[in-house]
Each structure stands twice: as C-alpha cells, then as structure tokens.
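Peer 1: Got chain A; can you put chain B on it based on the hints?
There are 2 protein chains.
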Amino acid sequence: MSTSGRVVKRILIGRAMRSDRLSETLLPKKLALPVFASDALSSVAYAPDEILLTLGMAGGALAVTQSWKIGLAVAFVMVIVVMSYRQNVHAYPSGGGDYEVASVNLGPKAGLTVASALLVDYVLTVAVSVSSGVQNAATALPFLRGHEAITAVVIVALLTAMNLRGVRESGSAFAVPTYLFMGAVIGMAGVGFFRSAMGNLPLAESANLTLAPESGYETLGGFAMAFLLLRAFSSGCAALTGVEAISNGVPAFQKPKSRNAATTLLLMGTIAVTMLLSMIVLARLTHVHFAEDPATQLLRDGAPVGDSYIQHTVMGQVAQAVFDGFTPGVVLVSVVTGLILFLAANTAFNGFPVLGSILAKDGYLPRQLHTRGNRLAFSNGIIILAAAAAGLIVLYNAEVTKLIQLYIVGVFVSFTLSQLGMIRHWNRLLAVEKDPAARGRMGRSRIINGIGAAMSGTVLLVVLATKFIHGAGYAIAAMAVLFVLMLGIRRHYDRVRDELAVHEGDTKAQLLPSRVHAIVLVSKIHKPTLRALAYARATRPQVLEALTVNVEPEETKALQAEWDRRDIPIPLKALDSPYREITRPVVDYVKSIRSGNPRDLVVVYIPQYVLGHWWEQVLHNQSALRLRARLLFTPGVMVSSVPWQLEGSDQARERLDENRPMAGDVRRGS
Amino acid sequence: MSTSGRVVKRILIGRAMRSDRLSETLLPKKLALPVFASDALSSVAYAPDEILLTLGMAGGALAVTQSWKIGLAVAFVMVIVVMSYRQNVHAYPSGGGDYEVASVNLGPKAGLTVASALLVDYVLTVAVSVSSGVQNAATALPFLRGHEAITAVVIVALLTAMNLRGVRESGSAFAVPTYLFMGAVIGMAGVGFFRSAMGNLPLAESANLTLAPESGYETLGGFAMAFLLLRAFSSGCAALTGVEAISNGVPAFQKPKSRNAATTLLLMGTIAVTMLLSMIVLARLTHVHFAEDPATQLLRDGAPVGDSYIQHTVMGQVAQAVFDGFTPGVVLVSVVTGLILFLAANTAFNGFPVLGSILAKDGYLPRQLHTRGNRLAFSNGIIILAAAAAGLIVLYNAEVTKLIQLYIVGVFVSFTLSQLGMIRHWNRLLAVEKDPAARGRMGRSRIINGIGAAMSGTVLLVVLATKFIHGAGYAIAAMAVLFVLMLGIRRHYDRVRDELAVHEGDTKAQLLPSRVHAIVLVSKIHKPTLRALAYARATRPQVLEALTVNVEPEETKALQAEWDRRDIPIPLKALDSPYREITRPVVDYVKSIRSGNPRDLVVVYIPQYVLGHWWEQVLHNQSALRLRARLLFTPGVMVSSVPWQLEGSDQARERLDENRPMAGDVRRGS
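The listed protein sequences correspond, in order, to chains A and B. With UniProt numbering, the residue at position 195 of the first sequence is 195, and numbering never jumps. With UniProt numbering, the residue at position 644 of the second sequence is 644, and numbering never jumps.
The following block holds chain A by itself, in its conformation from the complex:
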C-alpha cells in the first residue's frame, strides 16, 4: 500500500493494535451500569412520544386521562422482568444469555428461536435508536429536517466505521454520556416537579393546541378503545429492550459477579422506570399535545396547523417548558439524548457479532464467524448489521413511529422463552436438591420466573395482536427466515461431519500411495518456476517432470529452446491444446497418469508469485488459481503452491497480521 493509502486507512480504520493490549480490567458497578444500561435508558427518548401519539389517535382527552396508566403498566412489567432476570443472573453466572438459557432448558429449536429474535431486534435497535437520535437532533438543528433518513444512514456508517476500527471501549466512554443523560432527565424532572408544586411551571409550546382524533377514531367502542390502549402499552414496552444485556455480561463484572450484576440490574430498572414515569407526568403537567399526524390532527383555534408546523419530540417540548426557554438547558437535554441514543445503537454493534460468534460455534452460522482473534468474523457481523439497519431506515424513511411497530416483538419472544427455560431450570434442580433452605430459594425463584414468563408471554401476545399488521408481522417473518437458514446451515455441517467421520475398518483415507509422480507446471522460465523445480526435486519423487501447455506454438518452441540451453535436468513435456485451453489438458493428463497407476499420488507444483495489493493479485495467477480449483476436484491429486514473494508483498503481510480490539470486548470482560 502506498504511504498515502496507509494514512487514509489509518484515519478511517485506525492504528493497528497489539493483541496483548486487549486485556481489560473487570467492571465495577458504577461503570457496569452505564456500559449495559444505555439501550434500556435511551428508550425514554421515544417511548413517551409513542404512548402519547397512539393515545392521541383518539383525540386529546384520552392522552390526558390514560397516559400515566400506560406508564404505570409499563413500569409494572419492567419490575417483573427485572426481578425475573435477577434469577437468570444468579443461575447463569457464566453470562448465559437468553439463547443459552433457552437452548439448555428447552432444546436447540427454542434456543434458535431466541437467537433469530435477538438478531432481528439488534437490527431494529440500531434503526430505531439512530432514527430517534436524528429526530431529536433535528429539534436543535433545523437544517436536518427533511433529510432525516440520509442523516441516519450516515450515522450508521460512522458507527460502522468506528466499530470496524476496533474502537477500544472503556467504561468511561459509556459513563460520561449515560450519567449525563440520567442527570439531565432526572434533574429536569426535579426542576419540573418543583416548579409545578410552586405553581410556576410554564406550559409546552403545543399546550394551546387541541388534538383532534384521526379519522376513523372519532368514536371508539369499548373493544376498540381497549385495543388502542393495548397498542399504546405495546409501544411503551420499548422501554424494556436492553434489560437482557446485563444477563449476557455477568463475566465482565467485578466479584461477586452475580450479586453485582443483580444489583446493577435492579438499579437500571429503577432508573428506567423513574425516568419514563417522570417524562409522562411532565408531559401531562406541561400540556404537551403530541400527534401521529400533526399537520391535520393538531388544531389551532379549530383549524389544522398544516404542514408548516414542526412537532418537536416530547423530550424537547418538556425541556423547553421546564427550562422556560433557557437555551443551555434545552440544548444539554437535546445533546445528551442524542448521545445516549447513538450509544444505544452502538450496543447492538457489540451484541450482534458476539451472538453471531456463539451461534457459529454451535454450527448455526458459518464457522468462520466463530474464530476468536479473527477480525474478519466480527467485521462481517458489523457490516451485515449496518446494512440491514440502513436498509430499514431508508425503507421507513427514519420514522420512529413506523419502525417501532416492528420492534419489541423479538425482545419479548426472547424474554418469554428465557423465562420458560428458567422454570425448567429450577424444576431440574429441585428434582435433585435435598437441602430445604436451597429448595426454598429455588422455589421462590421458580415462582418469580413463572410470573416473568406469564407476564412476558402476555405482553408478547399483546404486541402481536396490536402490531402484527402494522409491522410486527415483518419482524416475525424475518425471524422465521433466519431460523430456517440457521437450521439449514447446521444440518449441512452435520451432514459433512458424518461424511468425513472415520469409521472402523474404513482404511481408504489412510492408504499410503505406492509412488509419487510429481509434475511442475511451467509457463515460462522465471524465478518462481526455477524455485518450484528446486522444491519439487527436494521432495525426491519417483517420477518428476515439467509440464507446459502448448497454447502458442512459437512460445512453446522458445521455452523448449531455453530449457535445453539452461540444461535443466528435468524433462519438459508439452501438452497440445487445440482449443487454447490450459486447465483441461492438464487435468486430462493427470487423470491419465492416475488411471494407469491408480495407487500413485500425483503432486502438481504450481509456481505462484505473491504481490502486495489485492488488485495486483487480480492481475496475476488467475490461470493457476483456476487450475488449482479444478485439480482439487480430481481424486488422488495434491496441489502444491510454490510462492515467490515479490517486492511489496511484505506490506501485504503486515496488513494480514493486523490485530485490533473488537466490538463487545468490554462487556464480555475480555
């Protein structure tokens, strides 16, 4: 690579890092919280909006009277799920995530279902978080409006580059924005409640508008009304995504790992619930009106506000009101909200390749995704995730409200199967445990996981019922496709393993060839050829000959003349090729040797030169590569590549040796 090329690469992908710098200290709770919580906490940036706009479809009154109830329901689910996962953390201190819990206790297909669900949800985490982040940013940066999708795609690309670069995550990189966000939101809530108590809380910018129902929602019957409430609840449950992260990351905690992880989980749940409820209450206190379709639903003096009206996020409107237009406060809330959302998206960039590597280890994904110490595996995962998320963003034009319809279903599939698995786990342990105290603990845990399973299952059904036609169906379809694909890959691996297995008495593979017939392929006399001849001679085969294909008679004649002139002590045989092919005459010749002496081993030596750049490589050795590929299909043949390293190849070697930290290192405690 040229110097300028290396500089560009260094800027984009980063300086190579020695692998012994990879090791990392374990996380204390105060760092573990921000490392694992950004996904769960960030949803407070969009969950209230989704609850309000869904309720608002039936007009302003419903949002006022019901939003806090929905918030409480979500908080209730959150408490149950957190309690349940505290059991997981204690039972699987190895960091067995939902995939492991479901696989071990419910069987591989349940595990694979969880895996499919989580893979889909990782993609949606990126799409939703980045889209919401851009929407928030557009509140402060008006020039982004109308370009949300492209901005979101650019941010996904930046996150991708950052993760490909092997960014060295550190607890503090997470801590600063996460604590700032918690501080900003809880501080804002404190100021808001105080001002409200004092009676001087200003109203939101949309307070003086009225919210008209969407057409078709003007008068809702009891059933339709219940359905709408459930839909709002489903959207609010987005606050629960990310709760499972800690259960995957127990090994990254300081000792006592399980206890610290359980404590952190409780802390996270408490903070998330507090923030969500605060936002909902603040939105009510400041009279925020938030609509799915603001141009037609929001009325000023009875007339729709029209397309020129810009509906800021709930977070933005509340900040504007609480801080009474005090710009630094509003900007701080807006900036940290954007940061935490991108951090949340980044957690998916960590989780996706790690899950992929676990699945690859179990044979459900291509095995090369497993190999640790192989950047390529993680890079592929990162690129697949980014491409899928960018595709969704473009498809849904970065509209959070639309994307959120696909979201959560995966998380709740995973929650439900994990909790069901935990019940089985306790059943198994209870079957053998004699100690009454331990039995008591296990029984209590089983009850908690049972409640968790029932609750998660119910929410899953609610999500499916209310969102299936709005998008959750696509998420289910994507999971099904992944499930079938991964099952097919596993079956393929199993089939190959069976075919390769050595059975007793099956000696075909161990048969020692009687003689070695070596063939050196020669196209012209240059250094690689001479080296190949020398190497072939060094192995002292019974038969050794050089072989060339007569494509251009004059060239062959010149080659033969030079061969004689140089007194090369190996016979040169020229194969005729009426159709100017190279591969076929060689393969036919090799076959003819084998058919004459079927127990002979034919070793074909192919001189090959190695260059510095992949694009240089493209210009060379193509006939050799094709011939090599073809000979691999011919039984009884071994193909030896004799490399000649050209100048510049050492740079390519250096590139191959590069080693950098990988996404997810911190949270795996490696």
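The set of hints was computed from the structure by calculation and includes no laboratory data. Where hints are given, some of them may not hold.
[To be verified] Simulated pairs of lysine-lysine, BS3-like, Cα-Cα distance not exceeding 30 angstroms: (1) A:K109 with A:K255; (2) B:K255 with B:K508; (3) B:K508 with A:K527; (4) A:K524 with B:K573; (5) B:K524 with A:K508; (6) B:K508 with B:K557; (7) A:K524 with B:K109; (8) A:K527 with A:K573; (9) B:K508 with A:K557; (10) B:K573 with A:K361; (11) B:K361 with A:K527; (12) B:K527 with B:K591; (13) B:K591 with A:K527; (14) B:K573 with A:K109; (15) B:K557 with A:K508.
Peer 2: Just chain B now, kept in the frame of chain A:
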C-alpha cells in the same frame, strides 16, 4: 446443483456445448455483408432524426433547405472512409484492426488511444442502438412509452444473457434481419419515390404542423448558423460507426480474403449511403416535422401541441406516409428496424471482449482476459460492457438525442489514428520498394489514406467543437481514464516481469533445499486429515510432524487422546494460542523452523474438503484458506492442499468443465 437448478440454468444460459463444435466455416460475401454491416446500416434508424431535429432547433425552414446537404456531406465522408479502409483491408489481411494499425505504425501509445476510444464507443453503440430500438418499438407498442429506460435495460440484460449463453452465431442469424431491413428501407424508398413521381405520395402525420425555433435560436448569425449545420453534420456521422468492423474481420472471409473484404466494404458503404439519403429525401417529400422538444416547438394552428403529442421517429412517420397507413407495411418496417438495432448492439457484445482479449495479450488489461478457451474472460467483458451501457441508459433515460452527443468521437479518434498509421505504413514500404508498378500502387494508397486521415481528422475536430460541452467531453474523459488505467496495468506487468526474470549468476531461485520439513495441519481426525498424513508420508520428508493449534484446551486434549488411541505413527505437536488465533501461531512456528535451518524447505500440508456448491464452500475451509494465503507470504514455505472430495463435488466439477461457443466467434473466423 439440484435438478431444478440445472433446468433453470439450462434455460437461462444454455446447454453445454462440446468445444469441437466450435469450428465454423468461412463466410462468403453474401453472409459477410450482414454479419458486419448491421452496426453501420442500423444508424439510418436514428441519424436522419438527429440531423432533422438539430436543424429544427432554428425552425422548420432550415431543416427543409439544409437536410439534404447534410446528408450529402455525410455520404461524402462515408465514401472517403470506405475508400481508405479498403486500403487497410489489403495491407493487413490478418484482420489488424485500427488498434493494430495504430500500434504498429504510430507506436503503442497511439494504439492505446485507439483502444480506449473503441472500448468507449462499444459501450455507446449498445446504449444508442438499444435506446433507439426501444424508441422505435414504442411507436408500435404504446404501453412502452414512459418506460423506455427500463425496457432498454431489460433488453441489454437479454442481450447479455444471450451472449453469456454463448449463442452460436451463424451467418443466417444475421442475414435474415439485415436483408429484411435493407429490403424494407430500400423498398419503402422505391415505393415512396414512385408515388412522389406519380404525384400521390401522402404527407406525414406531422406535415400540417409548423416547427418553431427553440428559444435562443430564433435569429442566428452566420457563425451560429454554420455551427448548427456542423452540429447536425456531426450527428449524421453516426452513420459511419461500424465501418471499421470489416477491417477487423478479414480472416473470417472466404478466399481471396482481402479482395472479398474490400468488395463487401464497398457494398456496405454504398447501401448505407443510399439508405441514409433516401430517408432524408423521403422525410422532405412527406413534409416530416421533427423537433428536439416537440411539445413546445411543434405548433398546430400557431399553438404548441403540448405534452400529449407523441412524436414518432422519422422512419415511422415516413413508413406511415409511404404505405398510406397500410398497417402490415408500417409494422414490418418498425419490426425490422428494431431487430437491426438490437443486432447492432449485439455486434458490440462481440467486439468488446475480442478487443479486450487482444489488449490483454499485449499486457494492457488483466492477462486472464486473454486466455482463449476461458469463458470467464469473455463473460467478464460482456458483463462490464452491459453494466456500463445500462448505466448510461439509466443516466440519460434512454434518450437517443442525448446519448448521441457522446457517440462518434471515439470512432473518429480511431479512424484518424488508423489512417495516419496507414500513411506511415506506406512510407515504410515505399522506402524499400523498388518495383515501379508496386510503388505506384502504394503511392495511390497513400494518397487515399492521406485524404482519409485529413477527412477523419476534420470530422473529429467538428465533432469535438460542436459536441464537447453537450457530452463528447465525458466520452473523452472516459477514454483518458481507460488510457491511464491500461498504461498502469502494462507498467505493472513490465515491472513484475523484470523482477521475475532470471539473470545469469542469480542462483537463489535454483538453490536446492537441504532438507524437507513436512508439517500436516490437523484440526480433528477425519478422512481429509488421514489422507493428508498418508500423502505427506508418501513424500518421505526428513522431518514429518502433525501440528494442531490449541484454541480450546478440551478439544486439544480429546484430539491427543484419539491420536494415541489410533496409534498414528507421526508425532502430534500442539501450539498454544493465548488469543485463540490459528494463523499466527502456525506462521510463527514455521518461521522458527526456517530461522533455525534457513536452507530447509518447509512443506505445510493442509487437508481440505471439496463441496458441490460455492455457498457450501463458503461454510468451510475458511481458516485453511486464510492460513494458506498468509503462508504464501512466508519465504521458504510451500503449501500443499490435500483435497477430499465430498459427495456432490462431481456436479461442481461438471460445471467447471462446461464449454460453449463464445461471442464474436463468427467474425473472427474461428
């Protein structure tokens, strides 16, 4: 491949064909004419339109008074160029195209310039011909209107599939549509002139409209007027593309090759000129009004006809008039016009890969494009051509008028350099020729080529002057990029050749290694491993050991246990890998062997299994491939792949063996 997969592939790409069916008889003149003329003749379908609409920019009067003069000027150039190329054909009976003539006589850079120009023009031939064909088809098939670009791309895709399939061209496949087209156009001209003489030639559908000048062209000064005439002339010169085809194809002619080729060239020129002039005259006789922007320029009773007016091609309007609305006649003209245009596009699919192969032979393009008998080479050429043409079609929305601004400049670069080369050619011969009769012939040829060079050069300047800002500039830029790229590739090849050359006294490459140290890589004990061990033992190296990388300690322990249980008579060494890498420990170990005994040869045996599908292949051997790639950069190492053929690999072998006729076979006389 599954049975259904094979059926689908057979339908799309065609049945495999034995290579001995490739041979083809040489072409008599009556078949050579249609084989080589479709490109040149087809331009009569769009050249008159472009002349008329360019003149029409200054209003209807100019088109009426000047179009026949432009036609005559084009015809004059055609005569000169045809006369000149008759000299080429006699001087280079080997089928030396413009590239060879320029390279031999003016040097490699001139040749490369011609090559760049021709490559660009091949792309434009496809784009222009297909777009024009679709425009013609839209006359008859109204549902195509508004979907021209996508239809054109689909047709390019069909042509691509046809050529990838290795369609067996035959003279008659060209003959029928070409002769039909000639018959239809000349027959139509005959009927038209006869009816005109009889005084009962109907008028065209646009005869009762008036043609208003475009804004800015209402009153043109003398200079602007001359410029507009030259621009119309430039567009008309599209009729000359394809004239050079015969000079490339002399070897495909029956004997006496040169004479037959020269006669065919003359015939083609005569027919092309006749058809072009006939169309221009017929357009005038039937009062065709043809505008660049019909909606605003064409006036009915003084008012613009508007967007609803559909402007049919000149060919379509003339046919409608001459045949008096007799539908079969109109449809015949429209269908054969479409056919000849697609045939013209197809000639580029033949020419592009052939030129690519010649350039590859000379080291200007990747060498693998050269190898005859290698479908891949031609397939790559076909795909590159199709992609570039489709890109242009989409970019220019299949509008012939826009595309034609880029066209021709390449052809005239090629004409000019070729004719300049011919002058040099005669100069060289005249310097040694003594026979006065021969000298006289050569002198006459030189004069003709001199006139040809002057004429082509002048037209080139006119084309550049009138079209540079309208698009020809892009064509020039594309040529420049290709030129630099090809020069770079050539330099790279030269550098590598010098580096690989064996100099006297340079014995490093011939050094016989003192000992062979064989290493068999083992990941688990299965058939490929056992075979690799057997093969390695058969070569009787001085040192032989099996090597595994300890990534998972339990797995390594199990492997060692099975190794002992099976009593394998080769020591198994386990390398530690703290970072769970595979490549690095192996490479380091190999290096340590080499540094201890620098004259040793290390042979690394990699067991590898071969599967039937590329996607199966992706699931396997990736660590082995990466390791192999890395070891090739390590000096003193040879990498031997020991293949184990799995079930299904025979199907993949069959696919590799497929052999079909290739694009351009007929016109290369092979």
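Peer 1: For each hint, tell me whether it holds in the structure or not.
Peer 2: Status of each hint after checking the structure:
1. Between the alpha carbons of K109 of chain A and K255 of chain A the distance comes to roughly 33 angstroms, so the proposed pair goes past 30 angstroms and is violated.
2. Restraint check for K255 of chain B and K508 of chain B: the C-alpha separation of about 54 angstroms exceeds 30 angstroms, so the hint is violated.
3. The hinted pair formed by K508 of chain B and K527 of chain A meets the criterion: a straight-line CA distance of about 8 angstroms does not exceed 30 angstroms.
4. Under the criterion of a C-alpha separation no larger than 30 angstroms, the hint pairing K524 of chain A with K573 of chain B is inconsistent with the structure, at around 39 angstroms.
5. For a cut-off of 30 angstroms, the pair hint linking K524 of chain B to K508 of chain A stands: about 17 angstroms separates their Cα positions.
6. Distance hint between K508 of chain B and K557 of chain B is unfulfilled; the C-alpha atoms sit about 42 angstroms from each other, more than 30 angstroms.
7. Using a Cα cut-off of 30 angstroms, the hinted pair K524 of chain A and K109 of chain B holds, with the two alpha carbons roughly 27 angstroms apart.
8. The straight-line distance between the Cα atoms of K527 of chain A and K573 of chain A is roughly 19 angstroms, inside the 30 angstroms bound, and the hint therefore holds.
9. At roughly 26 angstroms between alpha-carbon atoms, K508 of chain B and K557 of chain A fall within 30 angstroms of each other, so this suggested pair holds.
10. For the hint linking K573 of chain B to K361 of chain A, the alpha-carbon distance of about 24 angstroms falls within 30 angstroms, and the restraint holds.
11. A distance of roughly 22 angstroms separates the Cα atoms of K361 of chain B and K527 of chain A; the hinted pair therefore holds under the 30 angstroms criterion.
12. For the proposed pair K527 of chain B and K591 of chain B, the alpha carbon gap of about 28 angstroms is at most 30 angstroms, so the pair holds.
13. For a cut-off of 30 angstroms, the pair hint linking K591 of chain B to K527 of chain A stands: about 22 angstroms separates their Cα positions.
14. Taking the CA atoms of K573 of chain B and K109 of chain A, the gap is near 38 angstroms; set against the 30 angstroms cutoff, the hint is violated.
15. Between K557 of chain B and K508 of chain A the CA atoms are separated by roughly 26 angstroms; this keeps the pair inside 30 angstroms, and the hint holds.
In terms of the numbered hints stated before, the structure departs from hints 1, 2, 4, 6, 14, listed from lowest to highest.
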